[in-house]
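Asker: Spelled out, the chains give:
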Amino acid sequence: MACTVLGMPLVVFRSGEDVGALVDRCPHRNVPLSEGSVVDNDLQCPYHGWRFDRTGTCTRVPGFCGSPEHRGRKATSWGCTEKDGLVWVYAKDVIPDDDPGPPDIPGVGRDGYTVVRAELDFPGTLHATLENALDVPHTAFLHGGLFRSEASSNRIECRVVRDHYGVECEYIGEPAPTGLIGRILAPGGGVTTHYDRFLLPSTAQVEYRLGERSHLIATNILTPITDFLTRMYAVVAVKLPVPGALVRPVIEPVIRKILRQDAEMLAKQTDNIQRFGGERYTSTEVDVLGPHIWHLLKMAERGELEQVERSYRTIFMET
Amino acid sequence: MACTVLGMPLVVFRSGEDVGALVDRCPHRNVPLSEGSVVDNDLQCPYHGWRFDRTGTCTRVPGFCGSPEHRGRKATSWGCTEKDGLVWVYAKDVIPDDDPGPPDIPGVGRDGYTVVRAELDFPGTLHATLENALDVPHTAFLHGGLFRSEASSNRIECRVVRDHYGVECEYIGEPAPTGLIGRILAPGGGVTTHYDRFLLPSTAQVEYRLGERSHLIATNILTPITDFLTRMYAVVAVKLPVPGALVRPVIEPVIRKILRQDAEMLAKQTDNIQRFGGERYTSTEVDVLGPHIWHLLKMAERGELEQVERSYRTIFMET
Amino acid sequence: MACTVLGMPLVVFRSGEDVGALVDRCPHRNVPLSEGSVVDNDLQCPYHGWRFDRTGTCTRVPGFCGSPEHRGRKATSWGCTEKDGLVWVYAKDVIPDDDPGPPDIPGVGRDGYTVVRAELDFPGTLHATLENALDVPHTAFLHGGLFRSEASSNRIECRVVRDHYGVECEYIGEPAPTGLIGRILAPGGGVTTHYDRFLLPSTAQVEYRLGERSHLIATNILTPITDFLTRMYAVVAVKLPVPGALVRPVIEPVIRKILRQDAEMLAKQTDNIQRFGGERYTSTEVDVLGPHIWHLLKMAERGELEQVERSYRTIFMET
Numbered sequence: 166m167a168c169t170v171l172g173m174p175l176v177v178f179r180s181g182e183d184v185g186a187l188v189d190r191c192p193h194r195n196v197p198l199s200e201g202s203v204v205d206n207d208l209q210c211p212y213h214g215w216r217f218d219r220t221g222t223c224t225r226v227p228g229f230c231g232s233p234e235h236r237g238r239k240a241t242s243w244g245c246t247e248k249d250g251l252v253w254v255y256a257k258d259v260i261p262d263d264d265p266g267p268p269d270i271p272g273v274g275r276d277g278y279t280v281v282r283a284e285l286d287f288p289g290t291l292h293a294t295l296e297n298a299l300d301v302p303h304t305a306f307l308h309g310g311l312f313r314s315e316a317s318s319n320r321i322e323c324r325v326v327r328d329h330y331g332v333e334c335e336y337i338g339e340p341a342p343t344g345l346i347g348r349i350l351a352p353g354g355g356v357t358t359h360y361d362r363f364l365l366p367s368t369a370q371v372e373y374r375l376g377e378r379s380h381l382i383a384t385n386i387l388t389p390i391t392d393f394l395t396r397m398y399a400v401v402a403v404k405l406p407v408p409g410a411l412v413r414p415v416i417e418p419v420i421r422k423i424l425r426q427d428a429e430m431l432a433k434q435t436d437n438i439q440r441f442g443g444e445r446y447t448s449t450e451v452d453v454l455g456p457h458i459w460h461l462l463k464m465a466e467r468g469e470l471e472q473v474e475r476s477y478r479t480i481f482m483e484t
Numbered sequence: 166m167a168c169t170v171l172g173m174p175l176v177v178f179r180s181g182e183d184v185g186a187l188v189d190r191c192p193h194r195n196v197p198l199s200e201g202s203v204v205d206n207d208l209q210c211p212y213h214g215w216r217f218d219r220t221g222t223c224t225r226v227p228g229f230c231g232s233p234e235h236r237g238r239k240a241t242s243w244g245c246t247e248k249d250g251l252v253w254v255y256a257k258d259v260i261p262d263d264d265p266g267p268p269d270i271p272g273v274g275r276d277g278y279t280v281v282r283a284e285l286d287f288p289g290t291l292h293a294t295l296e297n298a299l300d301v302p303h304t305a306f307l308h309g310g311l312f313r314s315e316a317s318s319n320r321i322e323c324r325v326v327r328d329h330y331g332v333e334c335e336y337i338g339e340p341a342p343t344g345l346i347g348r349i350l351a352p353g354g355g356v357t358t359h360y361d362r363f364l365l366p367s368t369a370q371v372e373y374r375l376g377e378r379s380h381l382i383a384t385n386i387l388t389p390i391t392d393f394l395t396r397m398y399a400v401v402a403v404k405l406p407v408p409g410a411l412v413r414p415v416i417e418p419v420i421r422k423i424l425r426q427d428a429e430m431l432a433k434q435t436d437n438i439q440r441f442g443g444e445r446y447t448s449t450e451v452d453v454l455g456p457h458i459w460h461l462l463k464m465a466e467r468g469e470l471e472q473v474e475r476s477y478r479t480i481f482m483e484t
Numbered sequence: 166m167a168c169t170v171l172g173m174p175l176v177v178f179r180s181g182e183d184v185g186a187l188v189d190r191c192p193h194r195n196v197p198l199s200e201g202s203v204v205d206n207d208l209q210c211p212y213h214g215w216r217f218d219r220t221g222t223c224t225r226v227p228g229f230c231g232s233p234e235h236r237g238r239k240a241t242s243w244g245c246t247e248k249d250g251l252v253w254v255y256a257k258d259v260i261p262d263d264d265p266g267p268p269d270i271p272g273v274g275r276d277g278y279t280v281v282r283a284e285l286d287f288p289g290t291l292h293a294t295l296e297n298a299l300d301v302p303h304t305a306f307l308h309g310g311l312f313r314s315e316a317s318s319n320r321i322e323c324r325v326v327r328d329h330y331g332v333e334c335e336y337i338g339e340p341a342p343t344g345l346i347g348r349i350l351a352p353g354g355g356v357t358t359h360y361d362r363f364l365l366p367s368t369a370q371v372e373y374r375l376g377e378r379s380h381l382i383a384t385n386i387l388t389p390i391t392d393f394l395t396r397m398y399a400v401v402a403v404k405l406p407v408p409g410a411l412v413r414p415v416i417e418p419v420i421r422k423i424l425r426q427d428a429e430m431l432a433k434q435t436d437n438i439q440r441f442g443g444e445r446y447t448s449t450e451v452d453v454l455g456p457h458i459w460h461l462l463k464m465a466e467r468g469e470l471e472q473v474e475r476s477y478r479t480i481f482m483e484t
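Protein chains in written order, with the working numbering: chain A, 166 to 484; chain B, 166 to 484; chain C, 166 to 484.
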């Protein structure tokens, strides 16, 4: 299958038990290899039938009397592995030996949790998509009724901790969510624990806990397809004090609706930013995580993450 | 509603009795404000619910515990007023105190006149659209049958007067128009008075008078949306020696057909000019007003209009 | 009719017995003349009715009291002639006196030959389209079943001769084609003679002979419309040991299918090359003619064709 990561067109294919990722261009006449097919675990180009293994080595040139495995005929490979139903691609030709592997996704495989997955393209930058996924104030507006309603007005405390792994905000004194999500998670109300987390390089995580019995943790792994298009692989694990079979039919359409509304808003935002030739933001204190995410992404880009010192901050928000 | 003027995306909205025009970008996260709604006379952004009054001042930031009216959160406003059913926008933040206001449109509100309005986008530059609206020779071709036919051949005199307000051509000795328009305006023929006028900055006016009883004055106000797209607000006032109720059903479809034919021709012209990378015109004497319009637009652009001296010229045309 | 050659939009029209080609832009207001019509053997612009003869001279300016034939009002003409049902355009204002005229197309007008014509746009460069038309190894893949199948494996000899008229490859020891084409050309097998030829500036010719009775010669004349779009005028002449009336219904759909498959592959190739910002090819010996075509096109571009020396080369291919 064809996919694009960081602007680079790739073809990802299964080679027996393994997965492989090659730059999606046949070294011969530059046809996309993703239009070909897998034959004997190798990827075969549809134009002249050249074949490549998962390291990119050419294994066959039909008609050619010589040996196909010449360095000049190698396709470019990217490191590639599979875990928990997701294929991870590395922006390097091989996976480094000391790589810890893809992260565990909280809730997946744990007793009592229902896991809902969704995959959606967000027409926005990585930063805009991360900020949107972790932004509280827009939920009352954009997802009004679904998530929280605007009617209430409570002053809550937000504690922000940033280090070189990411940034987390804990919301203190937040009332149980209202709206449909609230009624599902906390039918009887109760004390809420709520965290929003950005985990480098590109994961947005939202965690709600209501007492001992209700727990929702959404891990949204983002892949920058191009500068202005970001794919989200959302994995939402939910534990509720009702039978698991009842959870999915209720929770899944709500999650999909929220993501769709967000994607539509990001499309409008991105179109407008491109129409004006660039971003020109202004922020207030209640844009809690957006500026931190920007800072961390820039530090990561410059290879300066180790210079990010652990910091704490408290602000107040009306909700 | 969203509209674009001189390449700048704007949102125009009603704020009680007034109208307001803001640059169509929320200062917060750059979403188009035209996707929002008017709440309590202010314009509300659909993403986080920030609100702005018609001067662009921010009046609400949901969730924020501080005061919203900070200069850094101001949206950019353009001067904006309403007259005779048209909203006029100024390419300045406010309307200057000594501004005379939008011009009166001849015939509107006068006894005995039927007023037909049309709004149409012309895929052409301001200059090409103005020249088209005031050009006589194309009418026999493009609007053959509707406006005038090619069969006749009379030598007429054209008197051109130019000053720093615009340029006017009077056609002397012109026979009554033939074709459908002619039969409507002058069922019995008669002496024709015909003026074509370009009024700075961007109005094209065509006036026909046949004796005392028939009068048509078309005031076409043009807004450059972008360099290659021009919106026409046409206001055609007609007095005819027949009951007013009969005028509109006949005149309106003819006007719309003429404008549509012109818009289609301008689309072909503009596409071709862009395909060739730019204009390369040649003109003859019978391109009476086009070169004058070009000159005046250029002088206006350079702020040199006061250097335009009053001039007179006479040419001859076969019609 | 409108057509584009080497990126230049042209209008080609019949002027009595002759054909004319003008740059598709009225010198007056730059409208495409191809939107007009031919009146009295001249081409008339649809906007103001200016007319032009096949040399580009302006013959009429409606309304203008002077003489229309002024040099400043001339449309740009290209040399243009017609032969064997094809209109040939010269990238010069007139056809040079010593020009030999368009080439004869083998088989056309000869007894016993059925001629099939096809016209198709290939979304690829002139080089990519020429190479595709003359490339043997892709046929087993892309046209598998139609042309030759992959099952066989014979080592054959390819003799390549290049001079400043073009390059030719003769295939020695090639078994009769299998697949549908093979069964049509050589129902009983037999000795095959097979030539592929590139003839400067832009013709790809494929010739098959099986004994005395079967002969197929496909002359594919290519016009570069733009850098990445090439039109093919294919003329396929076939002699078979069956009645002519039976040949066309069988051969025509096969030819169209092959051309369509090639055009689809070139579209994929070209899209991918543009996505990656340019070509990055690697070749083997069995890319017999592609590198020669590239070399000859480059020499022609630089006006250095006379420096191309006659050369011979033999390589081997498995088929």
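Treat the hints loosely; a few may be bogus.
Copies of the same chain look alike in the list, so a pair counts if it works inside one copy or between any two.
As the list claims (entries may be wrong) - Each computed SDA-like pair below joins lysine to any residue, with the alpha-carbon atoms no more than 20 Å apart:
1) 422 x 433
2) 433 x 285
3) 239 x 414
4) 433 x 200
5) 433 x 320
6) 248 x 412
7) 239 x 443
8) 422 x 440
9) 433 x 202
10) 404 x 330
11) 433 x 340
Read the hints as simulated data drawn from the structure, not as lab findings.
Asker: Would you mind marking each hint as holding or not holding in the structure?
Answerer: Comparing the hints with the structure gives:
1. Taking the shortest alpha-carbon separations for residue 422 and residue 433, only the intra-copy value of 17 Å comes in at or below 20 Å, while the best inter-copy value is 36 Å.
2. Taking the shortest alpha-carbon separations for residue 433 and residue 285, only the intra-copy value of 16 Å comes in at or below 20 Å, while the best inter-copy value is 26 Å.
3. Taking the closest pair of Cα atoms, residue 239 and residue 414 never come within 20 Å of each other, the shortest separation being 48 Å inside a single copy and 44 Å across copies.
4. Taking identical chains as interchangeable, the C-alpha atoms of residue 433 and residue 200 lie at most 20 Å apart only when they sit on different chains, with a minimum of 9 Å there against 32 Å within one chain.
5. Within a single copy, residue 433 and residue 320 get their C-alpha atoms no closer than 31 Å, and across copies no closer than 58 Å, so neither meets the 20 Å cut-off.
6. With identical chains, the CA atoms of residue 248 and residue 412 are never at most 20 Å apart, being 25 Å at best within one copy and 58 Å at best between copies.
7. For a Cα distance limit of 20 Å, the shortest separation of residue 239 from residue 443 across copies, 18 Å, qualifies, whereas the shortest one inside one copy, 39 Å, does not.
8. With identical chains, the CA atoms of residue 422 and residue 440 are never at most 20 Å apart, being 27 Å at best within one copy and 33 Å at best between copies.
9. Proximity of residue 433 and residue 202 under a CA criterion of 20 Å is satisfied inter-copy only: 15 Å between copies versus 38 Å inside one chain copy.
10. Within a single copy, residue 404 and residue 330 get their C-alpha atoms no closer than 27 Å, and across copies no closer than 75 Å, so neither meets the 20 Å cut-off.
11. Taking the shortest Cα distances, residue 433 and residue 340 never come within 20 Å of each other, neither inside one copy (31 Å) nor across copies (56 Å).
Comparing the model with each numbered hint stated earlier shows that hints 3, 5, 6, 8, 10, 11 do not hold.
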